[in-house]
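Student: One letter stands for each residue in the lines below.
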Amino acid sequence: MMDVFVAADNIVSPLGATAVANYEQVRRGVSGIRLQPEGYFGAVIAEEDLNAWTAPYQLNGYTKFEQLLILSVQDALSHTGISLRDERTAFIVSTTKGNIALLEQGAAAGPLPLQLFATADRVAAYFGSANKPLVISNACISGLLAILIGQRMIRAGQYDHAVICGADVLTKFVLSGFQSFLAVSDKPCKPFDAARNGITLGEGAATVIITKDRTSLKGNTAVRLGEGASSNDANHISGPSRTGAELSAAITTALWQSGLRPEDMGFVSAHGTATLYNDEMEAKAFHLSGLQQVPVNSLKGYYGHTLGAAGLIEAIIGMRGMMENVVIPTAGFSTSGVSVPLKLSNVPEQRQMAHYLKTTSGFGGCNAAMVFSKMNV
Amino acid sequence: MNNGNAYITSSCIIRRQTVVKNGATVFTAENAALPEFLRSLYDRYSGQYQKFHKMDLLSKLGWAATEILLQDMPMDGYRPEETGVILANKSSSLDTDERYYETVSDIASPALFVYTLPNIVIGEISIRHGFKGENAFFVSDTFDAGLISGYVTQLLNTGAINACICGWVEQYHEQYEAALFLVEKEARGMALPFDEKNMRQQKEV
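Protein chains in written order, with the working numbering: chain V, 1 to 377; chain S, 1001 to 1205.
One thing to keep in mind: the hints can contain errors.
Straight-line distance between alpha carbons at most 35 Å, and here's what the computed DSBU-like set of lysine-lysine pairs gives [as the list claims (entries may be wrong)]:
# : chain 1 : residue 1 : chain 2 : residue 2
1 : S       : Lys1021   : S       : Lys1051
2 : V       : Lys212    : S       : Lys1197
3 : S       : Lys1054   : V       : Lys187
Derived by calculation from the structure, the hints in this document are not laboratory data.
Turn these sequences into a full structure, and let the hints guide you.
Tutor: Here's what the structure looks like:
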């Protein structure tokens, strides 16, 4: 299989506007989750931060969703020679709800501004993208699936590089929906904890630029994409599998195709939404996959659930943790509340590692898993 | 890596109150509004399936199209994880998004909220038929046969899946169109070579 590498990355979130700033904040244990004026906990980007970040650019005509994507892609592109103007560069956008805030504001003149392809087109036009953006909207696995699809398209020879970005904004639309499911935590979320009682929502954007071209890589070490897979529970549209077998199947495929064993993983970056059912399903899936001796973390305690951005944000923090041989602790976790033992911790762990595994699961019964590996350039 | 050919073994196109199966018109219901039309497809092509009545229009459309697509095409020769579902549309779940948001000022409806993601139709199809393989939902302004055929071919060639339900499921207000294809490595049914051109031709019949 052709090797595909990570050439650049970015995260725009309440914790900062670069991947480095975000990783440093997470390493210091800083969470972006705050009690919001409306009375719920959420990881919301402060208006003054967004204004400061967008000030150098002409972004007044763009929605907040589009501004987040543009900031993220702009910064990621600045770290590499890879260009969106190149016909050999794919542009992939991951989101669940795009400009849905316009529906709340009654600000959309007709359906077009709400269409995901139209908002992606606007962002692509900003960068003069040679290719039409490819939009992936597959619930909470969208971000990780977008990386997997980018890798597959490069391997199929369609492109040499891919700029893969994702974003979602914390809206009343989404908050009210999870509240209607009684799925929103009354405290900052507590992934895998005995006292967990739901998700905390977040917002943000992230970008990963991948390439088959080793000469596009900087430094002595880089991240090589391992194998990945997606699967469906075929069980329920809003509740996860009762056994975890389908997430486990995706994990097993990803490991086996990578030629790796469970014990080769430095850690598993779980989806870990902190709902009762999701975390329990994941715990079972990790056991079925032979990962019970591998540290597991969830980053939802830092970022909340950022939906279409989550897989990208968490993959990036995971890659940076792997490069530093650190297992990031699970913020909000204190006592295990899943039925099978996992190696969870709320303190960082130094651990030599060459690989880690990222997993995601979402509504519609979808799951995805992907291996990321260190390599010497 | 298997670079062997794949085939469109079945196709189902639904638009303008008409169902076209493998290139032939098999059902028309003139002047039927979409909800009634979808109900008539359920009555004609499906046995009892209570979940159908809870679905939003997008899921009903994709679900009904798959029922018709798979008529006389048993899938029990495949293990669950061998069949993928790869779909695309234009309007994501925007129709249901609007319906859901109308409930928010009163009592937000969890039953509608769960359908405010386009890939729920993949979930509904997967539940009905027990498909557990690869998933992806793409959004584009028009049907991109090259994208779908390229991606599904890649999944088949690398052995990620051995069969796929793929195509287009679009619905916004009264506008709708489904164009679904069963793609397999072994020829059966209509056995058209699986490529961009044949996909597009079938859709435009």
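Student: Run every hint past the structure and note whether it holds.
Tutor: Status of the hints after comparison with the structure:
1. S:Lys1021 x S:Lys1051: Distance of about 24 Å is within 35 Å: holds.
2. V:Lys212 x S:Lys1197: Distance ~29 Å between V:Lys212 and S:Lys1197 Cα, so the pair holds.
3. S:Lys1054 x V:Lys187: holds (32 Å)
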